[in-house]
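2 protein chains.
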Amino acid sequence: MEPPAAPLIRHLCIIGVGLIGGSLARALRQAQAVGEVIGSGRREEPLRKALELGVIDRYELDLGRAVAAADMVVVAAPLGAMGVVFAAIAGKLPPDCVLTDVGSAKGSVVGEVRRLFGGTPPGFVPGHPIAGTEKSGVEASFPELFRGRKVILTPLLETDAGALERVRRMWELTGAEVVEMGVRHHDEVLAATSHLPHILAYTLVDTLARLDDRAEIFRYAAGGFRDFTRIASSDPQMWHDICLANREQLLAMIDLFCRDLKHLAEAIDQGDSATIMTVFQRAKHARDNLYRK
Amino acid sequence: MEPPAAPLIRHLCIIGVGLIGGSLARALRQAQAVGEVIGSGRREEPLRKALELGVIDRYELDLGRAVAAADMVVVAAPLGAMGVVFAAIAGKLPPDCVLTDVGSAKGSVVGEVRRLFGGTPPGFVPGHPIAGTEKSGVEASFPELFRGRKVILTPLLETDAGALERVRRMWELTGAEVVEMGVRHHDEVLAATSHLPHILAYTLVDTLARLDDRAEIFRYAAGGFRDFTRIASSDPQMWHDICLANREQLLAMIDLFCRDLKHLAEAIDQGDSATIMTVFQRAKHARDNLYRK
Numbered sequence: 047m048e049p050p051a052a053p054l055i056r057h058l059c060i061i062g063v064g065l066i067g068g069s070l071a072r073a074l075r076q077a078q079a080v081g082e083v084i085g086s087g088r089r090e091e092p093l094r095k096a097l098e099l100g101v102i103d104r105y106e107l108d109l110g111r112a113v114a115a116a117d118m119v120v121v122a123a124p125l126g127a128m129g130v131v132f133a134a135i136a137g138k139l140p141p142d143c144v145l146t147d148v149g150s151a152k153g154s155v156v157g158e159v160r161r162l163f164g165g166t167p168p169g170f171v172p173g174h175p176i177a178g179t180e181k182s183g184v185e186a187s188f189p190e191l192f193r194g195r196k197v198i199l200t201p202l203l204e205t206d207a208g209a210l211e212r213v214r215r216m217w218e219l220t221g222a223e224v225v226e227m228g229v230r231h232h233d234e235v236l237a238a239t240s241h242l243p244h245i246l247a248y249t250l251v252d253t254l255a256r257l258d259d260r261a262e263i264f265r266y267a268a269g270g271f272r273d274f275t276r277i278a279s280s281d282p283q284m285w286h287d288i289c290l291a292n293r294e295q296l297l298a299m300i301d302l303f304c305r306d307l308k309h310l311a312e313a314i315d316q317g318d319s320a321t322i323m324t325v326f327q328r329a330k331h332a333r334d335n336l337y338r339k
Numbered sequence: 047m048e049p050p051a052a053p054l055i056r057h058l059c060i061i062g063v064g065l066i067g068g069s070l071a072r073a074l075r076q077a078q079a080v081g082e083v084i085g086s087g088r089r090e091e092p093l094r095k096a097l098e099l100g101v102i103d104r105y106e107l108d109l110g111r112a113v114a115a116a117d118m119v120v121v122a123a124p125l126g127a128m129g130v131v132f133a134a135i136a137g138k139l140p141p142d143c144v145l146t147d148v149g150s151a152k153g154s155v156v157g158e159v160r161r162l163f164g165g166t167p168p169g170f171v172p173g174h175p176i177a178g179t180e181k182s183g184v185e186a187s188f189p190e191l192f193r194g195r196k197v198i199l200t201p202l203l204e205t206d207a208g209a210l211e212r213v214r215r216m217w218e219l220t221g222a223e224v225v226e227m228g229v230r231h232h233d234e235v236l237a238a239t240s241h242l243p244h245i246l247a248y249t250l251v252d253t254l255a256r257l258d259d260r261a262e263i264f265r266y267a268a269g270g271f272r273d274f275t276r277i278a279s280s281d282p283q284m285w286h287d288i289c290l291a292n293r294e295q296l297l298a299m300i301d302l303f304c305r306d307l308k309h310l311a312e313a314i315d316q317g318d319s320a321t322i323m324t325v326f327q328r329a330k331h332a333r334d335n336l337y338r339k
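Protein chains in written order, with our numbering: chain A, 47 to 339; chain B, 47 to 339.
Treat the hints as calculated values from the structure; they're not laboratory data. Wrong hints could be hidden among the right ones.
Identical copies carry no separate label here, and so any pair may be met within one copy or between two of them.
As the list claims (entries may be wrong) - Okay, derived cross-link-like pairs now, DSBU-like style, lysine-lysine, Cα gap no bigger than 35 Å in a straight line: (1) LYS181 to LYS138; (2) LYS330 to LYS95; (3) LYS138 to LYS330; (4) LYS308 to LYS138; (5) LYS95 to LYS308.
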């Protein structure tokens, strides 16, 4: 039996120490839930920075060595780099080591793990903290990032109950609320509430930025525009990866949106007040309900 | 010669005492720039409320009587009600009275004034304060609403220079920055930075609100979604009016946006990373530049 003072995680390996990975390490340290934090990743510079900031205790550029002593491995690398990570650590995880990730699309991550591990490791718990800012990098990390936020876990049929429980406990210690759902359902929900809005914000700003009088146009952007376009300041590479990883669900949502937008445009064109009012009122009602205290 | 202590406006008549009209009255009182404030409008209840709050000194439900003593008339009624207002005050304005409005689309307002006044009164200065919140009504009004915001005036060929100067001075006293541009250009700029974003926000929330698993979907909306959809809580009637008043420019912007969205969706479908990255990077660059301190 473990003494009561033993931390939840003895050796935590975080692969990809950026905003999410760095904030997780900070939160677990603050909760005294972790012994040693080992960082890893493709580039040395962010790891050195993370070490300087005290976010990690040491780093290993070699992924196999990084996970060698770990009892919990969190892959917080960009979605587009996950395949490389899984290929490098497959077969290198210690027995009973729990493996989880923070990818914003789960179907593609699960597919890559299955392909590269030659099956689904029972210790693998796919996860996704719904948290973040438009900033990125370990310098932007802070221990309260997950407080009051939701973390979605999408356990598979093969997932070990003990591994699931450890990952759940880890996230709860950061102050997050942990929920479970299926992989496909996760990807649908996120396409609707996160991936589509990002696509709309990026497209809007880009459409305006390519107009001839863009300087003039942007000069008159007011507060509403600032809030509306905030997510267009998000990391392009990260969102590129998400779009491709959740391609199918995202394209379905874009189609749905375009159909509705076309319908509304027709109503405006025809001066169809009833349709316009119905859409606006239904939207206001839904949005007001959502954020009612 | 006027004594130096005389206020800029002796008798200010505000037709439509809501968020904008109420905030203007409050700001001008604070600047000691106004003698008497007369409120008018279709419904008595908001006027009684405005009187209780000290925003106006008295009110007149009869529009002709409301403007009878005014040296400045500000029409802050919804765009859809402006025709009725202009019809009621045409021929009733005292000589040398300045007439201005706060409509979010200028082509339609100018058209209505010309039609209902039988020409363009020299004292008419079309205007648009780029300010507001998703709240509405006189209860939401506050004197600082225009501080640091832009007010666009779109004077016409017939506009009297003295009238223009008085309206400019009025808005400057609220702390706003006053700029001038042509009617058509105003409507283009606002379609791009304000009307299109509202349409996108309303459509997105409505699209999601009509999905079968809407309750589940909204539960996982994060901070980005909250900011992105804030403008979908705006007043449906007001935005209905704006969409119809600026129909032509808005539909042109929706077309442009749809074309770009379709282009991006194709790139995602085909895994065309170069195109996706170009759009996202260009958008991030434009947005970051816009709000760089």
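Consistency of the hints with the structure:
1. LYS181 to LYS138: Cα proximity of LYS181 and LYS138: one copy only (33 Å, versus 57 Å across).
2. LYS330 to LYS95: Cα proximity of LYS330 and LYS95: across copies only (25 Å, versus 45 Å in one copy).
3. LYS138 to LYS330: neither (52 Å within a copy, 39 Å between copies)
4. LYS308 to LYS138: neither (52 Å within a copy, 44 Å between copies)
5. LYS95 to LYS308: neither (48 Å within a copy, 40 Å between copies)
Hints 3, 4, 5, counting from the list given before, are not met by this structure.
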